[in-house]
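Participant: Chains as they are written, first to last, in this note's numbering: chain F, 119 to 294; chain C, 221 to 309.
These aren't lab readings, by the way, just hints derived from the structure by calculation. Hints are supplied without guarantee of correctness; some may be wrong.
To be verified - What follows is a list of derived Cβ distance ranges for each label pair:
{"no.": "1", "chain 1": "F", "residue 1": "243", "chain 2": "C", "residue 2": "275", "range": "49 to 59 Å"}
{"no.": "2", "chain 1": "F", "residue 1": "226", "chain 2": "C", "residue 2": "248", "range": "14 to 24 Å"}
{"no.": "3", "chain 1": "C", "residue 1": "274", "chain 2": "F", "residue 2": "243", "range": "46 to 56 Å"}
{"no.": "4", "chain 1": "F", "residue 1": "153", "chain 2": "C", "residue 2": "229", "range": "11 to 21 Å"}
{"no.": "5", "chain 1": "C", "residue 1": "223", "chain 2": "F", "residue 2": "183", "range": "27 to 37 Å"}
{"no.": "6", "chain 1": "C", "residue 1": "221", "chain 2": "F", "residue 2": "179", "range": "36 to 46 Å"}
{"no.": "7", "chain 1": "C", "residue 1": "263", "chain 2": "F", "residue 2": "226", "range": "34 to 44 Å"}
{"no.": "8", "chain 1": "C", "residue 1": "241", "chain 2": "F", "residue 2": "179", "range": "16 to 26 Å"}
{"no.": "9", "chain 1": "C", "residue 1": "227", "chain 2": "F", "residue 2": "221", "range": "19 to 29 Å"}
{"no.": "10", "chain 1": "F", "residue 1": "167", "chain 2": "C", "residue 2": "275", "range": "26 to 36 Å"}
{"no.": "11", "chain 1": "C", "residue 1": "241", "chain 2": "F", "residue 2": "148", "range": "31 to 41 Å"}
{"no.": "12", "chain 1": "F", "residue 1": "170", "chain 2": "C", "residue 2": "285", "range": "19 to 29 Å"}
{"no.": "13", "chain 1": "C", "residue 1": "223", "chain 2": "F", "residue 2": "245", "range": "47 to 57 Å"}
The C-beta atom is built at its ideal place from N, Cα and C for all residues, glycine as well.
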Amino acid sequence: VISQAMATGSLAATSVTLGAAPPPVQWPGAGALWFGLGLLAIGAAANLVTAIGLLRSDDAMARIHVMSIGAVAAVLPCLVGAALVIGDSAALLRAGVAGVVLFFAAPFLGQALMLRAMADGDLPLPHERPTLRPRLEPEAEPTSPAEATPSAASAQSAEASTASAEPITNHEEARR
Amino acid sequence: VTAVLYASLAALVGSGLLLIVAFVRAQRWLSRVVVVDAVSLVTACAVALLAAYRSDAFLLDAAILVAMVAVVGTVALLHFMPLPNGARR
Numbered sequence: 119v120i121s122q123a124m125a126t127g128s129l130a131a132t133s134v135t136l137g138a139a140p141p142p143v144q145w146p147g148a149g150a151l152w153f154g155l156g157l158l159a160i161g162a163a164a165n166l167v168t169a170i171g172l173l174r175s176d177d178a179m180a181r182i183h184v185m186s187i188g189a190v191a192a193v194l195p196c197l198v199g200a201a202l203v204i205g206d207s208a209a210l211l212r213a214g215v216a217g218v219v220l221f222f223a224a225p226f227l228g229q230a231l232m233l234r235a236m237a238d239g240d241l242p243l244p245h246e247r248p249t250l251r252p253r254l255e256p257e258a259e260p261t262s263p264a265e266a267t268p269s270a271a272s273a274q275s276a277e278a279s280t281a282s283a284e285p286i287t288n289h290e291e292a293r294r
Numbered sequence: 221v222t223a224v225l226y227a228s229l230a231a232l233v234g235s236g237l238l239l240i241v242a243f244v245r246a247q248r249w250l251s252r253v254v255v256v257d258a259v260s261l262v263t264a265c266a267v268a269l270l271a272a273y274r275s276d277a278f279l280l281d282a283a284i285l286v287a288m289v290a291v292v293g294t295v296a297l298l299h300f301m302p303l304p305n306g307a308r309r
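In isolation and in its complexed conformation, chain C is listed as follows:
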């Protein structure tokens, strides 16, 4: 059980490092928004992993909250931000 948990933790850490590289290499702001969203989801998965390790349901609720805020917040951010050059929807 511990080996599976540590392997998952290693995969999540590797994902975080790759996403940091992707954030540095991204040139458009939308690409960085996508990478930040992916980092939030990786964080949610890491918190869920910690919740499974500690058998803590409250930490799992925190992971659920982080994932929901990441997805819904990104959709809301992209929807309510003004369009370039004064364009209308």
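Chain F with its partners taken away, still in its complex shape:
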């Protein structure tokens, strides 16, 4: 009844008859059909990309990433696109709700896969994982009093003379 009212524009024009099926709602034009077909094609292509990613990835974390993201990216457009092609507003509502549920369930899927991979030893534990960049080393303490309090001119000249010869440390790189 609500979909019929939405199609006709008002509730007053809707005839409510108990036991009688409402007339089918006609989509406004061919735009919804082509939009649904486009969504279906996108979903099928996302399925293909997911399969290629699962086939090519050797790392467990990469597979989990492909699965948890590709699940939503592949299924949601397929369901919504099929509902648009069918032309049923109730089916579109059900497909949309299922897509939202899948959208919120995908991170749980990734989390469950990741924890299981850690428990099985496929993935290193967080404290065993190597850091992405080298740690910053503390600055070296001056050893002699002459090096501890140099004059400004001598410090500048020493810096200028050794600027090209000294290797770049991680601390200087981080400061830049």
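Since chain F is already given, all that's left is putting chain C on it; use the hints.
Facilitator: Same frame as chain F, now just chain C:
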């Protein structure tokens, strides 16, 4: 319209074949679980495609059911399976 539907069907069939190869090449059981989950989602998309081709809303409901069972079932399977070596959560 038919060309788009057949192209989507070809993409889904190709996905299924690639996933079969990935299942055969997988060596750990968790990798096979991931591939089986992906196969279930490809099946859901194929059923949705068939529903669009036949304009059948009940088939679309079946596709929704397959997708939900695939995702929620995998999460439940991984959560309730015992951990190796008697470890606790």
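Participant: Taking the hints in turn, state whether each one holds.
Facilitator: Results for each hint:
Distance hint for residue 243 of chain F and residue 275 of chain C: a CB-CB separation of about 52 Å, consistent with the stated range 49 to 59 Å. For the hinted restraint 14 to 24 Å between residue 226 of chain F and residue 248 of chain C, the CB-CB distance of approximately 21 Å keeps it satisfied. Distance hint for residue 274 of chain C and residue 243 of chain F: a CB-CB separation of about 50 Å, consistent with the stated range 46 to 56 Å. Separation of residue 153 of chain F from residue 229 of chain C is about 19 Å and conforms to the stated range, judged on CB atoms against 11 to 21 Å.
Between residue 223 of chain C and residue 183 of chain F the CB atoms are about 33 Å apart, so this pair conforms to the stated range of 27 to 37 Å. Hint check: residue 221 of chain C to residue 179 of chain F, Cβ distance near 40 Å, so the stated range 36 to 46 Å holds. In this structure, residue 263 of chain C and residue 226 of chain F break the distance hint of 34 to 44 Å, their C-beta atoms being roughly 21 Å apart. Against the hinted window of 16 to 26 Å, the Cβ-Cβ separation of residue 241 of chain C and residue 179 of chain F comes to about 21 Å, which satisfies the hint.
Residue 227 of chain C and residue 221 of chain F have their C-beta atoms about 26 Å apart, which keeps the hinted 19 to 29 Å range intact. Take residue 167 of chain F and residue 275 of chain C: their Cβ atoms lie about 28 Å apart, and the range 26 to 36 Å holds. Here the CB-CB span from residue 241 of chain C to residue 148 of chain F is close to 39 Å, well matched to the stated 31 to 41 Å. For residue 170 of chain F and residue 285 of chain C, the hinted distance range of 19 to 29 Å is satisfied, since their beta carbons lie about 27 Å from each other.
At roughly 54 Å, the beta carbons of residue 223 of chain C and residue 245 of chain F sit within the given window of 47 to 57 Å.
Going through the hint list in order, the structure does not satisfy hint 7, though it satisfies all others.
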